[in-house]
Amino acid sequence: MSMLIHQLRYDQKAFWRNPASVFFTVAFPVVLLLIFATVFNGQTIEVDGGIEITAYYVPAIITLAVISATMQSLAMSLVIAREDGRLKRGRGTPMPAWVFIAGRVGNSIVVALLMLAVIALLGRVLYDVPIPWEELPAILAVLVIGAASFSCLGIALTALIPSQDAAAPIVNALLLPLYFLSGIFIPDDELPSGVIEFANHFPIRDFFQAFFTAYLPGGDSGLDWGNLAVVAIWGVAGLLLAIRFFRWTPRSG
Amino acid sequence: MPEPVISIKGLRKSYGDTEAVRGIDLEVSRGEIFAFLGPNGAGKTTTVEILEGYRQRTGGEVAVLGEDPERAGREWRGRIGIVLQSCRLDPYLTARESLELYAGYYSDPRPVDEVIELVGLAGKADDRTGRLSGGQQRRLDVGMALVGDPELLFLDEPTTGFDPAARRQAWETIAGLRELGKTVFLTTHYMDEAQRLADRVAILAGGQVVARGAPEELGDRDSQPTVITYRGPDGEVSLATTTPVETLNELTGRALAEGFALEGLEVKRPSLEDVYLELTEQPGNGAVEQEVARP
Chain B
0 MSMLIHQLRY DQKAFWRNPA SVFFTVAFPV VLLLIFATVF NGQTIEVDGG
50 IEITAYYVPA IITLAVISAT MQSLAMSLVI AREDGRLKRG RGTPMPAWVF
100 IAGRVGNSIV VALLMLAVIA LLGRVLYDVP IPWEELPAIL AVLVIGAASF
150 SCLGIALTAL IPSQDAAAPI VNALLLPLYF LSGIFIPDDE LPSGVIEFAN
200 HFPIRDFFQA FFTAYLPGGD SGLDWGNLAV VAIWGVAGLL LAIRFFRWTP
250 RSG
Chain F
0 MPEPVISIKG LRKSYGDTEA VRGIDLEVSR GEIFAFLGPN GAGKTTTVEI
50 LEGYRQRTGG EVAVLGEDPE RAGREWRGRI GIVLQSCRLD PYLTARESLE
100 LYAGYYSDPR PVDEVIELVG LAGKADDRTG RLSGGQQRRL DVGMALVGDP
150 ELLFLDEPTT GFDPAARRQA WETIAGLREL GKTVFLTTHY MDEAQRLADR
200 VAILAGGQVV ARGAPEELGD RDSQPTVITY RGPDGEVSLA TTTPVETLNE
250 LTGRALAEGF ALEGLEVKRP SLEDVYLELT EQPGNGAVEQ EVARP
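Residue numbers (numbering that gives the first Met the number 0), protein chains in the order written: chain B, 0 to 252; chain F, 0 to 294.
If we strip away everything but chain F, and leave its shape as in the complex, we get (with noise of 0.2 Å):
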């Protein structure tokens, strides 16, 4: 088993009274894309600049490439690349120039132009950036970040605000990194964000992990209730069962032989959507986490 490349044991962060992190665990393996999901306010942020060494923590123990991120030095900054959840780049310099500029921060860089191809912004490269959208300034954000050729990446809400289009094409520049072989952290508040990209999902809330797993499993969506609405001569029902088949046999059985219609019948199974909108509806009050063991 190779060493975590982050792993955190107990992570506690409290800003006055208020605990913003109540203990995380976690543990992510070299060359995974590991997605932390959670809504605004779950502590995702807060968990993230601690990694990255912004933060320091209240309690617990955090190792990122086996060091402490409070106490790394440059020679470990220049292993991480960092994509800060809202950074407006300098609108006087060009997309290359801005790429150049952090290439000379770093002892083996890659090089811009290969950034530039890898980030989709070939025709834009000697736009400077006040001019590019903001989803081109979010991918050239991302090649900052890849510039020095990092071992692991860091991506605090990546496409947040972005419209369909340019969530599309950020979405192939991170799925890219993973050809790279490159360790990304993300956070999102998007399911499909992490459904998409990510090997892993932890779902945060209030400052816990809630569930973890990979995203076809998570939140143990298999054994979720299937719900089974209709209206009937008694008005609108709702049924919620786990044996939908013996469930429906029956009510169409009855309703045939009693004659009366089943009106709107509809069969629903949990979204992951639902799934996550009942995993973080209330943080932390009594969250028991649901483990799901990869196959």
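Looking at chain B on its own, in the form it has when it is part of the complex (with noise of 0.2 Å):
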């Protein structure tokens, strides 16, 4: 456990000193959410029976931030680190592996909270979004159940990415139209209908439904138990596959 620890406070050293993950998991959604909020501002939308659509950004944009903390963030770090041999360095020691694994996910989940914290604070101070305090324990508790499901399926995604070049086109590829599709971008009362049927058969699209309930100030709001439940099963699923397709070693040579 102390190894643990250890583990991760380097492991958020490197993260902090990197500036393509400082970016594309800390400052991308943050300007995400300022072009949305702002260009939209002042719209309100047939969501939830009407809300302020700056409402709706929030919890979106910290979704989004969820899943490039984890599912993106990881496989790209994870499939660097194989392909430069520090993985399979790192099997030569006496470090157990479920520790390396263990730090790097909750690396991600650090950096996933810290997320939440500053998208709501922003949302707060630069368009009036209150911050739900009320149901912050159903929000605390999807967020880290989709956060470390989104981990599990990050690391099961390096088994598909073949070299450090193709992780960035394999992750966005398959994370940017779903985000158009889930209701992320694009309010969800503006899609078509055939659209979010399509993106609900991906977990996206649930933990956003799941986050977006609780974060959701008064109301009927809380934990939605269906959506949290697909979003956990495709993170058991993920997690199979990681321990069945993980590896350590290069893909190249």
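Honestly, the hints are just simulated from the structure, not real lab data. Ideal Cβ positions, reconstructed from N, Cα and C, are used throughout, including at glycine. Do not take every clue at face value.
Calculated from the model, a selection of chain F residues having no Cβ within reach of chain B, i.e. all distances over 12 Å [what the hints assert, rightly or not]:
#	residue
1	Glu-2
2	Arg-29
3	Arg-70
4	Leu-117
5	Gly-133
6	Ala-239
7	Leu-247
8	Leu-250
9	Arg-268
Only some residues are given here: those of chain F computed to face chain B with a beta carbon under 8 Å [unchecked claim]:
#	residue
10	Gly-77
11	Leu-83
12	Cys-86
13	Arg-87
14	Tyr-91
15	Leu-92
16	Glu-96
17	Leu-100
18	Pro-108
19	Gly-147
20	Leu-151
21	Trp-170
Derived CB-CB ranges, DEER-like [stated by the list, open to error]:
#	chain 1	residue 1	chain 2	residue 2	range
22	F	Gly-9	B	Ile-242	28 to 38 Å
23	F	Asp-107	B	Pro-216	49 to 59 Å
24	B	Trp-15	F	Gly-9	49 to 59 Å
Fit chain to chain and form the complex, with the hints in mind.
Written as structure tokens, this is what we have:
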């Protein structure tokens, strides 16, 4: 356990010093929030009986930020470390494999929690979107289950990525369209029902719905067990695939 | 006779139809620097990765520190140090942080400052590894293998691609391991590296050991023929002889008596490089191992 904290400390150092990881997981969601919320500010949308569009975008962008901090960031950084030979090198030490993986997942969850705070605060300060403090336990529960599940999916995804150069294209080709189709970038009342139906087959939509429900102040919000369960099932599937197909040695050479 | 640190008997490894390692026998004793010398594709990395526990052998017996690497656990990995043939360290950690990270994996690590000193990175300890030169990164890599204070170190081609100055510095670091009492298993395709560092060398070609012994005796160099070349009246002549003194005497006598010049006269003993090239030229094709006993 103390080795895990040790590993996490150095993972955090390396993460915050890497300009690419900081840009994609921290700066990018913030920029997206500023763009969407500023451009569409003042509009209301037909979701949940009519809400401010900014109140829609805050949980939407938090959803995106959590997925970037976990699935996207892990898939890319693990492939880079694998192809550099660092994973193989680490396996030649007494460090148990689970410590390494738990360190990386822990790192992702820490960043995801931080992004929750950053986006929620920006939403409150810039766009007057209330932070639903009374829902905090539900929000944290959804976030942690989502972050863990998307971490597992990210680790599983590394098995499909053959090289460092292929990491960003493959990850983005998977995630970007699904962000659009799942109502992260375009509010779902403006999306055709066929699109939503398609997106419903993938966990981003479920995670977004579960998080949106938890984040919506008052009303009948709270835990959306159905969607959350789907996210968790995807997470477990990702975990099993990761255990079966994850490799520590470089694909090239 | 103490138990050998590495003991290999009849080691074989196949990838599909290709046999990369075709029956190797070796023993490495405690405190010795052992070099595994051979051209690319000879089976060096395959063998060393079997010893490190990364690959599974097809046949034969292997014991490293008394255990089978395929089944050895964390405690065993704490007793070995590994430098892979190619590994890029985390570019965003400093040299010191990289060592501290690895020190945390071992129960009784060597002090990080001491390791920095050992690998000659005292002035660079707080630079990020991405800013170190190739040679400095490699020495840091050796440091990361040393920080757990292992009994046995594997170095897979530690200086490939280095400029001469960086190689010399890496050699100093590796030679310094002897003073720490470490056993070192080194692979290289540089003859001079093996000669400079190793107590004993095994030359590998086509997955088999074709020669072994102390570097100065390797390939039975002393009994190899001397080659005499010159241009005489009949053109270019090349003679191989095991009795060069007599042959030269006879040759110069004839030249004086008959009044012709020995233009471009050269007397050449085979260099270590010649021996190495000859031994590794035809991999496996009837190569007969030449055993050289240590005096």
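We went through each hint and held it up to the structure:
With a least beta-carbon separation of about 22 Å from chain B, Glu-2/F lies farther than 12 Å from that chain, consistent with its non-interface assignment. Arg-29/F, annotated as away from the interface, keeps every beta carbon of chain B farther than 12 Å; the closest lies near 21 Å. Every C-beta of chain B lies more than 12 Å from that of Arg-70/F, the closest at about 15 Å, which supports listing it as non-interface. The claim that Leu-117/F lies off the interface holds: its Cβ sits roughly 18 Å from the closest Cβ of chain B, which is beyond the 12 Å cut-off.
With a least CB separation of 14 Å from chain B, Gly-133/F remains clear of the 12 Å interface cut-off, as annotated. Under the 12 Å C-beta cut-off, the non-interface status given to Ala-239/F relative to chain B holds; the minimum distance is some 42 Å. No beta-carbon of chain B comes within 12 Å of the beta-carbon of Leu-247/F; the shortest separation is about 51 Å. Its beta-carbon lying about 53 Å from the closest one in chain B, Leu-250/F satisfies the requirement of being farther than 12 Å from that chain.
Listed as outside the interface, Arg-268/F is consistent with that label: its C-beta sits roughly 39 Å from the nearest C-beta of chain B, beyond the 12 Å cut-off. Restraint check, Gly-77/F versus chain B: the minimum CB separation of about 4 Å is within 8 Å; hint holds. Against a cut-off of 8 Å between C-beta atoms, the interface hint on Leu-83/F holds, since the closest Cβ of chain B lies about 5 Å away. Because the closest C-beta pair between Cys-86/F and chain B is about 4 Å apart, less than 8 Å, the hint holds.
A least Cβ separation of about 4 Å between Arg-87/F and chain B falls short of the 8 Å threshold, and the interface hint therefore holds. At about 4 Å, the closest approach between the beta carbon of Tyr-91/F and any beta carbon in chain B falls short of 8 Å, and the interface hint on this residue holds. Of the supplied interface hints, the one on Leu-92/F holds, with its beta-carbon coming within about 6 Å of a beta-carbon of chain B, less than 8 Å. Checking Glu-96/F against chain B by beta carbon gives a least distance of about 6 Å; that is within 8 Å, so the hint holds.
Annotation: Leu-100/F was flagged as interfacial toward chain B, and the flag holds, the nearest CB pair being 5 Å apart, inside 8 Å. Interface hint at Pro-108/F: violated, since its Cβ lies 11 Å from the closest Cβ of chain B, which is beyond the 8 Å cut-off. Residue-level restraint check for Gly-147/F holds (minimum Cβ-Cβ distance to chain B is 7 Å; threshold 8 Å). Nearest Cβ of chain B to the Cβ of Leu-151/F: about 12 Å, over the 8 Å cut. The hint is violated.
Because the closest C-beta pair between Trp-170/F and chain B is about 22 Å apart, greater than 8 Å, the hint is violated. Between Gly-9/F and Ile-242/B the Cβ separation comes to about 34 Å, which falls inside the hinted range of 28 to 38 Å. The given range of 49 to 59 Å is respected by Asp-107/F and Pro-216/B, whose C-beta atoms sit roughly 55 Å from each other. Separation of Trp-15/B from Gly-9/F is about 51 Å and conforms to the stated range, judged on CB atoms against 49 to 59 Å.
In the structure shown, a violation is registered for the earlier hints numbered 18, 20, 21, in ascending order.
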